[in-house]
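K.L.:
Construct the entire structure; sequences and hints are all you get.
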Amino acid sequence: MKLKAFLKLTILLGLLNLFPYYVPSVSAQGHLQTLIDETPEGGTVTLLDHTYEEEITISKPVTLIGSDHTVIRSCSNQPIIQVESDHVRLENIKIEHCEDPEPSISEPAIFVSGDNIHLEKLHVNSQSIGIQFDGVTNSVIEGGSITTNGTSNGIDVWESSQNRIQGVQIETVIDGIYLERSSDSEISENDIQFARYGIHLMYSDDVLIKENHSYQNFTGAMVMTSTNATITGNTFSENNLNVNSQGLFLFDAHQATVTENTLSENRIGINMISAEDNSLTQNGITSNFIGLQFNTTKDNLISDNSFNGNVNELQAVNSTENDVERNFWDSSIKLEKQSEGVSIFPYQAEPLYLLLTEDVPAYQLFFDSPSMTVIEALFKVPKETVMQDAYPLMQPPITHEEDGFQLLPTILKLVLGSCLTLIGIKLFTFRRKRI
Amino acid sequence: MKTAFFTEWRTTLRQPSSFTFVILWTVVISLLFLLNRGLPQFDGYTNVLGTIINLLLYLLPLFMLIIGSLSITNELESGQWALLSTYPISTFRYVVGKFVGQLVAQIAVFSVSYGISMVLCTILQFPVSLKWMVLIYLFALFLISFFLGIGILIGTFASTRWQALMSSVVIWFIFIMMWASLLIAILQFVPYPLIANVLGITLFLNPAELVRVFFVVQFGGGAVFGQEFDTLVTFFKMTLSLPVLVIYTVLYLATVLTIAGWKLQRRKL
Amino acid sequence: MKISKILGLLLLSFILLAGCGNNEVEPVAIDESTDTCAICNMQVKDSAFATQVILSNEKVHVFDDIGCMYTWFDENESEEVAAQFVRDYHTKEWIEGDQATYVFNPSIQTPMSYNVVSFESAEDAEQFIAENEGNLLSYDDLQNHAWAMSMDMEEHSHGEEHAGEEGHSGHEDHADETDTEMDMNHDSETNSDHEDHE
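These protein sequence lines are chains A, B and C, in that order. Residues 1 to 435 (our numbering) are what the first sequence spells out, left to right. Residues 1001 to 1269 (our numbering) are what the second sequence spells out, left to right. Residues 2001 to 2198 (our numbering) are what the third sequence spells out, left to right.
None of the hints are false.
Facing chain B, according to a computed beta carbon distance under 8 Å, are these residues of chain C, among others: (1) Thr2034; (2) Asn2057; (3) Glu2058; (4) Lys2059.
In the DSS-like style, the derived pairs of lysine-lysine whose C-alpha atoms are separated by at most 30 Å in a straight line are: (5) Lys426/A to Lys1131/B; (6) Lys298/A to Lys210/A; (7) Lys383/A to Lys337/A; (8) Lys1237/B to Lys2059/C; (9) Lys2059/C to Lys298/A; (10) Lys380/A to Lys2059/C; (11) Lys426/A to Lys1002/B.
Quick caveat, the hints were computed from the structure, so don't treat them as lab data. Since we're looking at a predicted model, the values are computed, not measured. For each residue, glycine too, the CB sits at the ideal point set by N, CA and C.
P.N.:
Here you go:
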């Protein structure tokens, strides 16, 4: 059996050798930097299943391809891989910093300053920033994973444009993907966890954020002072660990399109402050503490969203000049208006709690307290100062999937239920006969 | 103490009213679980859970206060107390006996109802998670214990059944309905930096709020209480916090019952 | 009897509290996990860029950038401010806002890119300018400073920026000792990279 496999392999290798290589290829053993230096421009360096303990600088267009156990490791305070040239391709390599108990490493694991760079399936374990772009265009980071020691950003993009970050798994970082002054980029299909801000845009326009999953962070995604972001098909969930957590945060964002995202179990689903001209449509906002929160916003369109199971669906102050209509609110009173699919009763935001806690944040202790309902009933805020959905939908535009049947919890529930009943009955009848 | 305990336990459960309560609680709890129909099953805190918790906060304390206070005034008014006070029995032990007896009876009533509701909801496949069921049950147990104790205290101060009933409603109204408004009104006169601390202290005076905050944290909702209570919430998140809450409950009840015993002693004279 | 006792206690506590109020206003420490900037809502990093305003009722607002603090002043003119604190760029010691000397240099990367830093002594500020360029601003100058995030301004040339940063990285040692956590702005890392390329 083994022999057979061996034979197959040799034949395969032999066949491969028959094909002439158009680009000269070097199999890397020994000093990596020397090998790269020896490789001609446009050449390929194939790395072995080997741990290379060094830092490298790539200053000409080459391709580095690792195999399954290729590791480049370094303990010094320098980027492990520094890409200075254009047209460089790195593939399938593990890049590691040493354990660094006293933070002495402040350089990123990979530092890129060239254009047309392709980073594929890189597994970065950094003690500082994972991958840093500075002035990079037309480049791609695809697949792979990034972890840091939790005090730096995963992917840090600075003054770079037309780049794509796709399918990267990012964990234990400050900001998962941080873009500053980096316009016209795409961030898609990434998986981000245990970050402060999963995705963070600052002064970056025309960015597409698509189908990412950002969860258990302080904030799922944050768009600050940026124009024309498109945020679609993402899942921002369980961002509820911090007192300032939220799924999506738009601060001073303009003309953003937020559509078809799922926001669930966050402290706040979508939080908007000083945001104008954005559109929020067809999002599923479920089981957050506060579904939507607005503060000093105007000219935003909020329609066709589905609000389910949020403890507090809508809170707004200074936000009457928004276009809120045709959303589904599961807690609104619904009476259909001439089979138009909308209810005749408008749905109103609750501004009191936000006003109260803005002044004295400690009053957040009364969140969802039965005594708060009394206050809300006592102090009616004038209608014209309250944000409202004039025509709430009768049916949710988005339906959730039914939960599958789970055997174990069901049995447990049944057993526990019966036990409680029996114990109760036992207490009822205990020693009764003796009296 | 033992006699008071067993008599209280048995007489309460033998009354037809306890069966009415079983039916009432079963209906209420099942309806509450029914609220979550058509929604995805979540372990965390949602508006439905908020409603369940709030409704239990409205109902349980009110009933427990009334039951607790009446159980004392009943005996006072029926003359049984006059008879009892001729025996050399300490009033504190009498009060404790009454409390524990009543507690066992009420827990029995609630457990039967809750158990039936759980089985019913599981068979009818309402999407209520196991975690919810367990935590809501515990939440109710804490509420029952705290407010029965306070009810008994009210009973020792009231001279008639009518008075006991009215005082129970007033206390319920203050603790459950007016708490936030009352505190906000008072805290206007407190210097700003002290507000958070004062609120933290008052939390421990009103068991309804304490238990509510504690369980909201258990449901993963600690972050909503904001920065000021981050340390408290972090503490509540630890496993150690449940035993601490239990100890706090016992101490709170011991204090309440001591005062009740002392008051009865004075009435004896 | 009882009521008078309670009243007495209350009165006493208020007197005590009033007594406390007369003391100097002290800056509060930054809690990185829960403090957010009152203007831009970002988590505030315990760095040299953090500032705070303490109102006369002892309410504290923290900011991640001096620019955010001045935005707040603009928006809340009616509030009674007891004190404002900024930090010395090197030592991170809290200093009263009106005692500090400020430097504006578009190449200093502050969290919200207002590009103003503060120094305890004018000499330090001058030395910083000697090394990195920039404009010296007194507290009074700062009141008339046109607060603009560098993004709003015309694109500054890349070369200029690097020249500034090179010098800036000279101070990076200070930053590195303390800026281990919550590194949200591109201070030390980025700067030293630039240095490496050149």
